[in-house]
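Protein chains in written order, with my numbering: chain A, 1 to 311; chain B, 1 to 240.
No lab work stands behind these hints, which were simulated from the structure alone.
It is possible that part of the hints are untrue.
Not the full set, but computed from the structure, chain B residues with beta-carbon under 7 Å of chain A [unchecked claim]:
# : residue
1 : TYR58
2 : LEU75
3 : LEU87
4 : SER105
5 : GLY110
6 : PHE214
Below, a list of computed lysine to aspartate or glutamate pairs in the EDC-like style, where the Cα atoms sit at most 20 Å apart [as the list claims (entries may be wrong)]:
#  : chain 1 : residue 1 : chain 2 : residue 2
7  : B       : LYS155    : B       : ASP115
8  : A       : LYS254    : A       : GLU271
9  : A       : LYS198    : A       : GLU111
10 : A       : LYS219    : B       : ASP115
11 : A       : LYS192    : B       : ASP202
12 : A       : LYS98     : A       : GLU144
13 : A       : LYS254    : B       : ASP115
14 : A       : LYS219    : B       : ASP133
15 : A       : LYS204    : A       : GLU144
16 : A       : LYS192    : B       : ASP24
17 : A       : LYS198    : A       : ASP162
18 : A       : LYS198    : A       : ASP178
Glycine is no exception: its CB is placed at the ideal position from the N, C-alpha and C atoms.
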Amino acid sequence: MPKLKQFYEALKVVGQDPERILSRDTAHVVAHGHELISEQSIPGVLISPRATEQGIGAKIVIAENVRVDLPIHLCFGLFDRVGIQNVTLELDMGANAKATLWSHCLFSVPEQARHAMQATIRVGAGAEMRYQESHFHGTSGGIEVIPRAKIELGRGAHLYSDFSLLTGLVGELDVDFDVTVGEDAVAEFTSKVFGHGKDRIRIKERLVLAGRNARGLIKSRVAVENEAMAEVIGITEGNAPGARGHVDCTEIVKDQGVVSASPLVKVTHPEAKVTHEAAIGSVDRQQMETLMARGLSPEEAVHRIVAGMLR
Amino acid sequence: MTDAPLLELRHIALRLGSRQVLCDVDLTLVSGEIHTLLGANGSGKTSLASLVMGCSGYRPVQGELLFAGQSIVDLPIHERAQRGISLAWQEPARFEGVTVTEYLSLGHPGRGADDCLERVGLAPDDYRARMVDRTLSGGERKRVELAALLALGPKLAILDEPTAGVDMLSLDEIIRVVESFREMGSTVLLITHQEELATHADRASQLCGGRIVFSGVPAEVVAHYKARVCVNCDGETCYA
């Protein structure tokens, strides 16, 4: 089956509209392994991809003051049983621009695969970016996902990032994001992962609140069951006057799963403030009993609570 | 209201750790009745509610617990709920990622969410999509809990302090909510300190030191309660 058609089918399965994503008025880049399948620039959004044997490289430039109405789509995937995909992403968002990026990572077919992304992202002064990365895996558990990002937010910039891996077995996930937040800028990072089987999950996110009145939030919601293991490290540094940061970790453990959460805070300026909260444990008893008092079985109640937390 | 007993507690005793929380409690609610349970803080009201609902750790050490003539003491919470018992907690749990509409649709409700929200004084347009999480105030969360029970339309609705945390001006609304349960044919076990609400019931009982010390028409029970308020009492001295 042609690779583009495989993307069409895979996107439909995960509830996306491929016609919309791959239309001429939607900026996008689509890559299977190290093969470029489709690309589209639109006025104000220049996408320059290149494919080599070593990987896919994509440079995305969003011009100053541009408001991108439709989401920019980044579709990465593998439809062979075994494969490797290395992605280098350079994203430059001009001052006062506004855009939403949806990254769809489709790995439901491979049994043994590695997907690594190295991203460098700059969000210009006054710009607003919403970035949503969703992973869809199969039942093999043989996928290795390694997203890395270095991100800089200029003065008054806003970045809202939402990472999720909720479908299928994770395999091995190793997230490492490093974010520098400038003056009056806002960064919010949310991660939602559900680990099963023998999944190994590591999420490390570091926010450096470097500018005056910089604000940041790291929010993680992780559930593990069976023998899955997760390590969540949320680091926030308040290094400037008026900087405000918060780390919020909630993790649910079922069966033989193991989770550790380390909300690390560091403040180097007396007028900065960083707070944290972490809750790890089995499903909350009062929540369970409340749902069971509506007639839900214990299994249905747990499912509802975990699904809500990861929503 | 009929004479048929719906809920019967016979010589019920409950211990939590080393503490005797309920002692030789006899209480019968007939179908369609609104029954107020009065008592000072720590007298055992919420424990009694948790015992009837079947919450973890609230299994009686003595006595019989019957619902519609059948023992329910060995049934887990959800099976009691499926038989028609439900509870609106004094401090309801919060749920991330669950909207008010979704919360009100749990457990095969018999009544529409919008109607129930209106009955508890919440505008459906403003609340349908709200999350049942920390973004709701305490009073809003209590109202949503009452709406959820209204939607469910249980045979026995246990309302634990429905006015606690809800502003005083809303008392009339809470009374209308209780009336809504009556209209639906539900039996209500109403735990409250609010005199006006308490006297709205058909019958009342006073708990003191884990014992039912007085039962009768609500006005008399309220008068008894107000005249003989006691704290850390074993119930013996209050026994009428």
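Violated constraints from the hint list, given by number and in increasing order = 1, 2, 4, 5, 6, 8, 10, 11, 12, 13, 16, 17, 18
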